[in-house]
Amino acid sequence: MSRPGRQPGRQPGSPTPAPGTGEKSAGNAAGQSPAQLTWRRLRRDRTAVVSGITLVLLLVIALAAPVIEWLYGIGPHDQFQQALDRYGMPVGFGGGISDEHWFGLEPGLGRDIFIRMIDGMRTSVLIAFTAATITSALGVVAGVVAGYVGGLVDSAIGWLIDLALALPFLIFALAVVPTVSLRFYGPREAVPSGFQFAVLIGIFAVFGWAGTARLVRGQVVSLREREFVDAAKVSGAGLGHILFRELLPNLWAPILVSFSLAVPAYITAEAALSFLGIGILEPTPDLGRMIERSLGYLQTDPAYVFFPGITIFVVVFAFNLFGDALRDALDPRSTR
Amino acid sequence: MGRFLVRRSFSALLTLFAVSVLTFGMFFVLPRDPVTGMCPKNCNPERLERVRQELGLSDPKVEQYLGYMKGIFLGRDLGSAQGGHCDAPCLGYSYVNNEPVSDTIARVLPVTVSIVVPAAILWLSLGIGLGMVSALRRGTWVDRAAIGFALTGASLQLYFVGGVLLLVFTYQWGMVPVPHYTPFFDNPVDWARGLVLAWVALALLFSAIYARLSRAQMLETLSEDFIRTARAKGVPRSQVYGRHALRAAITPLVTIAGLDIGAALGGTVITEITFGLQGLGRTAVGAVRSGDLPTIMATVLVAAFFIVTANLAVDLLYAAIDPRVRLGS
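As they're listed, the protein sequences go chains E and V. For the first sequence, the working numbering gives the first residue as 1, with consecutive numbering after it. For the second sequence, the working numbering gives the first residue as 337, with consecutive numbering after it.
It is possible that some hints are incorrect.
[Claimed, not checked] Partner residues aside, some chain E positions facing chain V, computed with beta carbon under 10 Å:
hint: 1; residue: Leu37
hint: 2; residue: Val141
hint: 3; residue: Trp159
hint: 4; residue: Leu163
hint: 5; residue: Ala175
hint: 6; residue: Thr179
hint: 7; residue: Val180
hint: 8; residue: Phe275
hint: 9; residue: Glu292
hint: 10; residue: Pro302
hint: 11; residue: Val316
hint: 12; residue: Asn320
[As the list claims (entries may be wrong)] Calculated from the model, a selection of chain E residues having no Cβ within reach of chain V, i.e. all distances over 10 Å:
hint: 13; residue: Val49
hint: 14; residue: Asp78
hint: 15; residue: Val91
hint: 16; residue: Thr130
hint: 17; residue: Pro192
hint: 18; residue: Ala205
hint: 19; residue: Arg226
hint: 20; residue: Ala231
hint: 21; residue: Lys233
hint: 22; residue: Glu246
Bear in mind the hints are in silico, worked out from the structure with no lab data behind them. For every residue, glycine included, the Cβ atom is placed at its ideal position computed from N, Cα and C.
For reference, chain E alone in the conformation it holds in the complex (with noise of 0.2 Å):
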């Protein structure tokens, strides 16, 4: 089942050492925990302290969305009509940017696009999260057992992650989606949207724990042969005990980089489903959706395509800056 050719890059975090032995790398750093020493280098990375300040206004923002709706003064349903002109387009300069309106309005239907903004944010940050955790403790699990169990458990996960990696996401999810939800509600019922947040996280949780098994088996079955495991075995500590209290502890830094890395991906993927038409609906604000919305305007109004667009890549730039420092201060090899 081993592919050589596969483990790097792909694979956050470092393959051998473990976090433990890190001692190495800084003389300075004797007697500290390895995460003392990774918050350490976390503070010192400029990179890391920008990007992780940005993510956490970026979070707090997503989530007081209620609070910032009601500072603001405008929800993200209401409509301006009378601040169109007779076409449906905004008036004023980039789309009807005002003191009332920051961003300006949606044309045609006439909806702040600063709060639908705000609230897409949050969509896409608690749908990622959400997905983002399961995956983990799913390929977390699934990949301890594969990797210390070993034999034939280890081909039939290793055969699931082969499996799961084998089908075409995209084509997959636009398929399977409609599908569950006419099984549930009828061609003309309306979804609720908390369905949606479900179907969504459930597709992400069936694909993306693959990922994170394979990376986590691999570390695993490095790690099985070392001395204390043989010492906790000869100790007469049970399997739980060696692969949850033994093992995983061994395992938190790689963990951890994919999960900042998953976050990310799942934003993009849920705006991409999104985009699609298959993600959240109308009238739940995303930000997918509303680029999909925009493109229709591309020459009209510009400045509704560059709003969302923008929003995202600096959400998803954010993370991905991060979860990159993470993984340099993570790795015991880096000399930063």
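Start from chain E and add chain V according to the hints.
Showing chain V alone in chain E's frame:
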């Protein structure tokens, strides 16, 4: 090598089989009534009933599946409304398009291939070139610029990049026409002009990933013993980098490139939608919107086929390059 080849091919076949069962089950068993979506607007009950019969929806599920699979390998006889006999790669009949699904696939597949292949050449050369340069100039501004490009590219959304490219190059400057597909053999220049924006958009995003990967790979290779040995015994720098290091660093990238290209051939959904090109991906989206089950099923199968085949090809290629794979456990 022989045993490895057999084992690997067998597992690929098994995966394809599982995908086909999964998709079949998903689309023909899960919905309340698969036919409702298959019958275009204002169709009468008789027609619905006929469609249902021709599809054999009352037959046992296993029989339906076997019939479908038999159609793919041997061809099968469909009802008269479905055009009678359907030749070997038979993927069923689409009531929405009123043609056998294999005809639709044969028409749209060249579009996707025309998007992916040149884009892949572009993104591989750009990405690997950037990665190598930045690894060799590690820590300089060249390196930092390349990393910045890579991180930016990896965070961009295809539809946004596509939108901006369209806005600037087509609508504002009029340098390229609105994206469209002309068969290569009809007019190669038109073919290129119609697809160039899609290539650039894809290449921008993918080359970023490859720049990052190849940089990391090159740095790792450069720190290995054989490079030091080569340098120590006096091999010129250009030869060490150009021949020894590049070759070792590029091999793992072959794997990833193979997989990415395989996945892309299964349908560059977002690209095709953004630029309005009717390839596999856009066909799949259209089929989903109109509830055209046979076409959805076929597009998923074709995409999975590309992914599994690319996987297999890459593994075999790798085994051929690296003896450790086929001899190891």
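Here's how the hints hold up against the structure:
no.: 1; hint: Leu37; verdict: 22 Å, violated
no.: 2; hint: Val141; verdict: 22 Å, violated
no.: 3; hint: Trp159; verdict: 7 Å, holds
no.: 4; hint: Leu163; verdict: 5 Å, holds
no.: 5; hint: Ala175; verdict: 5 Å, holds
no.: 6; hint: Thr179; verdict: 5 Å, holds
no.: 7; hint: Val180; verdict: 7 Å, holds
no.: 8; hint: Phe275; verdict: 6 Å, holds
no.: 9; hint: Glu292; verdict: 7 Å, holds
no.: 10; hint: Pro302; verdict: 6 Å, holds
no.: 11; hint: Val316; verdict: 4 Å, holds
no.: 12; hint: Asn320; verdict: 5 Å, holds
no.: 13; hint: Val49; verdict: 16 Å, holds
no.: 14; hint: Asp78; verdict: 26 Å, holds
no.: 15; hint: Val91; verdict: 21 Å, holds
no.: 16; hint: Thr130; verdict: 21 Å, holds
no.: 17; hint: Pro192; verdict: 18 Å, holds
no.: 18; hint: Ala205; verdict: 16 Å, holds
no.: 19; hint: Arg226; verdict: 19 Å, holds
no.: 20; hint: Ala231; verdict: 26 Å, holds
no.: 21; hint: Lys233; verdict: 23 Å, holds
no.: 22; hint: Glu246; verdict: 24 Å, holds
Hints 1, 2 from the list above are not met by this structure, while the remaining hints are.
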